[in-house]
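Heads up: the protein sequence lines correspond to chains A and B, in order. So the numbering used here is basically just the index in the first sequence, starting at one, shifted up by 848. So the numbering used here is basically just the index in the second sequence, starting at one, shifted up by 1090.
Simulated from the structure, these hints should not be mistaken for laboratory data. Just so we're clear, the structure is a prediction, and the values are computed from it rather than from any experiment. Honestly, I wouldn't trust all of these hints.
Said to hold, decoys possible - Using 30 Å as the maximum straight-line C-alpha spacing, the simulated DSBU-like pairs for lysine-lysine come out as follows:
#1 LYS1061/A <-> LYS1102/A
#2 LYS1102/A <-> LYS870/A
#3 LYS1174/A <-> LYS1102/A
#4 LYS1102/A <-> LYS1406/B
#5 LYS1269/B <-> LYS1146/A
#6 LYS1174/A <-> LYS1406/B
#7 LYS1269/B <-> LYS1406/B
#8 LYS1174/A <-> LYS1163/A
#9 LYS1061/A <-> LYS1163/A
What the hints assert, rightly or not - One side of the interface only, derived from the structure: several residues of chain B facing chain A at Cβ under 8 Å:
#10 ALA1115
#11 LEU1118
#12 LEU1208
#13 SER1233
#14 MET1242
#15 ARG1341
#16 PHE1353
#17 GLY1364
#18 SER1374
As the list claims (entries may be wrong) - Some chain B residues well away from chain A (every beta-carbon gap over 10 Å; in silico):
#19 ASP1112
#20 ARG1126
#21 ARG1144
#22 GLU1150
#23 PHE1197
#24 ARG1442
Note that CB positions come from ideal geometry on N, CA and C, so glycine has one too.
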Amino acid sequence: MSERSVAITGIGVTAPGGIGTKQFWSLLSEGRTATRRITFFDPSPFRSQVAAEVDFEPMLRGLSPQQERRMDRAAQFAVVTAAEAVEDSGLEFELVGPHRIGVTVGTAVGATTGLDTEYRTVSDAGRLELVDHDYAVPHLYNYLAPSSFSAEVAWSVGAQGPNTVVSTGCTSGLDAVGYAAELIREGSADIMVAGASDAPISPITVACFDAIKATTPRNDDPEHASRPFDRSRNGFVLGEGAAMFVLEDTGHAKRRGAHIYATIAGFASRCNAFHMTGLRPDGREMAEAITVALDEAKVDAGGIDYINAHGSGTKQNDRHETAAFKRSLGTRAYEVPVSSIKSMVGHSLGAIGSIEIAACALAMEFDVVPPTANLRTPDPECDLDYVPLIAREQKVDTVLSVGSGFGGFQSAMVLTHGGGSAA
Amino acid sequence: MTGRVVVTGLGVAAPNGLGSDDYWAAVLGGVSGIGRITRFDPTPYPARLAGEIRGFDAAESVPGRLLPQTDRMTQLALVSAECAFADAGVRPEELPEYDMGVVTASFSGGFEFGQNELRNLWSRGGQYVSAYQSFAWFYAVNSGQISIRNGMRGPSGVLVSDQAGGLDAVAQARRQVRKGTRLMVSGGIDAMLCPWGWVALLTSGRLSTSQDPARAYLPFDAEAAGHIPGEGGALLVLEDANTAESRGAPRIYGEIAGHGSTFDPKPEAGHAPGLQRAIDIALSDAGTRPDQVDVVFSDAAAVPELDRIEAEAITKTFGVGAVPVTAPKTTTGRLYSGAAPLDLATAFLAIRDDVIPPTTAVSLSGEYDIDLVTGSPRTGKPVDVALVLARGQGGFNSAVVVRKYES
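Chain A extracted, bound-state conformation (with noise of 0.2 Å):
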């Protein structure tokens, strides 16, 4: 069986800053930031008060009353954010038939707002260590289990094949991709509507993050609160979102003319076996990675025409991040443009990497290299071209997506222009 070629298709984003891929893509084409201060309930009790909040009216994106009612917003964001790509993708689900369809969702802390939520009035703010089942809302189940975004996602789109999601905490955006990619390569599947979606602003992600002072402290300027690779930085700003893709066979997509955004063309991971939250400052896992991502997908270093960095913005990421493409790419490391969306988005943690991977696909699309924001004081330690504050126009065709994240995952992913319209 030769070895089948995977093509993003459609797109879908929910970003904080506005909703929908176009308006994801003006924030980022601009620099602009949706970091502000905590506005889901009163955060002056936690020492990080900021973090990049989605408006979204799930009405007005299609859901029903009842859609709405038994869905996290995490679940919700992915259901809405899949109909975008589906419906961007011009792709008739119902003549590929639902059951070589199937469904990826990446989620870090799946339905943890609805859990935090639901948790204090079951337990009566934490009064009852016996929680009292007659409060609870019916539908807490799809809360406990994370597959119910996924199911979620299937029963909306109408998809009968392999489902699940993928849950290794802040890479699951680049990994559930990377397993949806794997699904189409081996035959399991012609489409997948994949992606990752994460709603994590709640008082106990919040708190969780404050304990480890892993999130920004700079609740007095939250607009440029999220600072990768800058000599300031002093934590990562907490986002939410969801980003989701039509997946296709390239020969399924080539036939029916499909426009293809961009192709996987190689995708690893690897862990570091090091640390639940710490990272080593060599950067070697990650590297590793990115070197076997780079062999599938037969391109060597100096093809690379952007990276997207992981850059949370915490003082030992983006040290550990920079060493990783020196240690990968060697010299063309100083020479390719690298960039962090987390400035603008900031970090929605599993989700994170999908709308990564939008941003790249959109990178390509349209020639545009998005800037780190906020980047005004270099750093020794970190001596790459950020591409500070300002969007660059060049070319790009072939563009690398890393990701990090707590449990010592590693993961990055090789996306090439597809060359848009086969027709």
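With chain A's structure known, arrange chain B on it following the hints.
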């Protein structure tokens, strides 16, 4: 790419036995681990029985440093991984770091850990939330901790598809072995028996409220009225067959021969459910004809409508009463992401000993045309090929074919 992938080590944590020897003896002896919940007072709740793992002392088996950082399910997973390695005769520190990976299934993460920190948050304030919360409860924790503890730096992952996820995880591990990773640890261990987890499980509408441990979980029985939750599961060591042979693995339990995974149509759509299609795909992937299958380890939902769907799928594939069907999970309860990996381990033990373990307590309802193995173990015929089925709430269906290894 399509090389044979075999299982060489089992690590089992079950309510009726820690370690595969104790578990297997209990299953063959019909010894159940289901009883009234002791980990918290279940009196306020309509369901009060569970399959609890008794006698597990984390402090004895997990480094002290890790105890405050880990949920019970992670402690059980670390111990099970260690057992699986020992059983396989593998010392992970002696293998190349990128040649070992871990893919686990997850379901609810470290839910009890999360419960305790939610309580701290809401009763005392955010500053009382543990510094370990950010990584102790999330779904990726077991893969992360197993990789760290054993120096495994190869391709790894975490899949969640409710109770079907355990099979999908093992299939993903098989993919990685086929792509060239020498050894993978895969499976799932779950434990969410705490008040908060219990209340969430209750909303599934599928828990048995029976108070009689001997008659509480009765799949394919006329009195089937939901299941009993349990904790535990299994981790398996997977290797390429040639590698396992050439290193002289102490034993090869068998081969992960085929996998199929489907999703049901939306409930109101009225189309056929996807379980039978998952079976067909798995058999075809394994290159196995239905008449070559010696036993089916059923999902055994114990919800009449779901039992009917499963019995029909089995009957349509194999013919009326043509294959022995069993559900040893009646002795453990349903273990969510741990259930299917435990069934895989059980299938390999059945193949090893040529014996089919029984479904305890159940009297087969006349409504189902299946040959359910009840009462005592069935012996006298070789067990070479087994089909393991798993379903998850929402519509997940997975099937795996395992078979005896012939070099």
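Margin query: Need the status of pair LYS1102/A, LYS870/A: alpha-carbon distance at most 30 Å?
Written below: holds, 24 Å
Check: Does the nearest C-beta of chain A fall within a distance shorter than 8 Å of the C-beta of MET1242/B?
Finding: Holds, because the Cβ-Cβ distance from MET1242/B to chain A comes to roughly 6 Å (cut-off 8 Å).
Item checked: Status of the LEU1208/B interface restraint (C-beta, 8 Å, chain A) -> It holds, given that the least Cβ distance between LEU1208/B and chain A is near 4 Å, below 8 Å.
Check: Quick one, are LYS1174/A and LYS1163/A close enough, alpha carbons at most 30 Å?
Finding: Answer holds: LYS1174/A to LYS1163/A is near 17 Å, not above 30 Å.
Next item on the list: Taking the shortest Cβ-to-Cβ distance between ARG1442/B and chain A, state whether it exceeds 10 Å.
Entry: Consistent with the label, ARG1442/B stays out of reach of chain A, its closest Cβ about 30 Å off (over 10 Å).
Margin query: Let's test the interface hint: is any C-beta of chain A closer than 8 Å to that of LEU1118/B?
Written below: violated, 32 Å
Margin query: Check whether the Cα positions of LYS1174/A and LYS1102/A lie no farther apart than 30 Å.
Written below: Violated, at roughly 37 Å.
Note to self: Check whether the Cα positions of LYS1269/B and LYS1406/B lie no farther apart than 30 Å.
What the structure shows: violated, 34 Å
Next item on the list: Under 8 Å, Cβ to Cβ, is where GLY1364/B needs to be relative to chain A, so tell me if that hint holds or is violated.
Entry: holds, 6 Å
Notebook entry, point to check: Between LYS1061/A and LYS1163/A, is the straight-line Cα distance small enough, at 30 Å or below?
Noted result: Holds. LYS1061/A to LYS1163/A sits at ~11 Å (cutoff 30 Å).
Next item on the list: Closer than 8 Å between Cβ atoms is the bar; does ALA1115/B clear it against chain A? Give me holds or violated.
Entry: Status violated, d = 32 Å.
Margin query: For LYS1061/A and LYS1102/A, compute the direct alpha-carbon distance and say whether it is at most 30 Å.
Written below: Given pair LYS1061/A, LYS1102/A is violated - Cα atoms ~48 Å apart, limit 30 Å.
Figure legend: structure checked against the earlier numbered hints; hints not met, in rising order: 1, 3, 4, 6, 7, 10, 11, 15, 18, 23.
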